[in-house]
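Chemist: Sequence:
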Amino acid sequence: MILGRVIGNVVSTKKEESLIGMKLMKVEVTEGSENGKHLVAVDMIGAGNGEEVIITTGSSARKALRSENRDAPVDAIIVGIVD
142 MILGRVIGNV VSTKKEESLI GMKLMKVEVT EGSENGKHLV AVDMIGAGNG
192 EEVIITTGSS ARKALRSENR DAPVDAIIVG IVD
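Under my numbering, the first residue of the sequence shown carries the number 142, and numbering increases by one thereafter.
Do not rely on the hints blindly, as some may be mistaken.
[Said to hold, decoys possible] Capping the alpha-carbon separation at 35 angstroms, the derived lysine-lysine pairs in DSBU-like fashion look like this: (1) Lys167 - Lys178; (2) Lys156 - Lys167; (3) Lys178 - Lys155; (4) Lys156 - Lys204.
[What the hints assert, rightly or not] Computed beta-carbon distance windows for the label pairs: (5) Val223 - His179: 13 to 23 angstroms; (6) Glu175 - Val151: 11 to 21 angstroms; (7) Ile161 - Lys204: 14 to 24 angstroms.
It should be emphasised that the hints constitute simulated quantities derived from the structure, not laboratory data.
We treat Cβ as the ideally placed atom computed from N, Cα and C, and that holds for glycine.
Build out the structure end to end from the sequences listed, making use of the hints.
Modeler: So this is what it looks like as structure tokens:
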């Protein structure tokens with residue numbers, strides 16, 4: 142898992158049909174060797190700008206999606222908000 146900070150949302154007027162209805166957030170990695178890297182992550186929990194979040198990537202990210210969206214091309218998802 143990766144720690145990061147939400148720095149904005151990503152708006153897309155056209156996207157893959159399976160991504161419709163998913164909120165996309167721009168996240169800056171804040172820990173480890175990827176520090177400073179930016180990711181686009183699906184937000185299923187309602188994170189807001191400036192919040193520190195926990196992200197999972199790869200096949201684990203797809204497992205965190207609702208069952209009807211498991212085939213969506215998702216590589217990063219916000220799974221927690223750090224208190």
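Chemist: Now, for every hint given, state plainly whether the structure supports it.
Modeler: The hints, checked one at a time:
Between lysine 167 and lysine 178 the alpha-carbon distance is near 10 angstroms, which keeps this suggested pair within the 35 angstroms criterion. This hinted pair checks out: lysine 156 and lysine 167 have alpha carbons roughly 16 angstroms apart, not beyond 35 angstroms. For the proposed pair lysine 178 and lysine 155, the alpha carbon gap of about 25 angstroms is at most 35 angstroms, so the pair holds. Proposed proximity of lysine 156 and lysine 204 is supported: the alpha carbons are some 21 angstroms apart, at most 35 angstroms.
Between valine 223 and histidine 179 the beta carbons are some 18 angstroms apart, a value that agrees with the proposed interval 13 to 23 angstroms. For the pair glutamate 175 and valine 151, the beta carbons lie near 19 angstroms from each other, so the given range of 11 to 21 angstroms is met. A beta carbon spacing of about 20 angstroms between isoleucine 161 and lysine 204 agrees with the range 14 to 24 angstroms that was offered as a hint.
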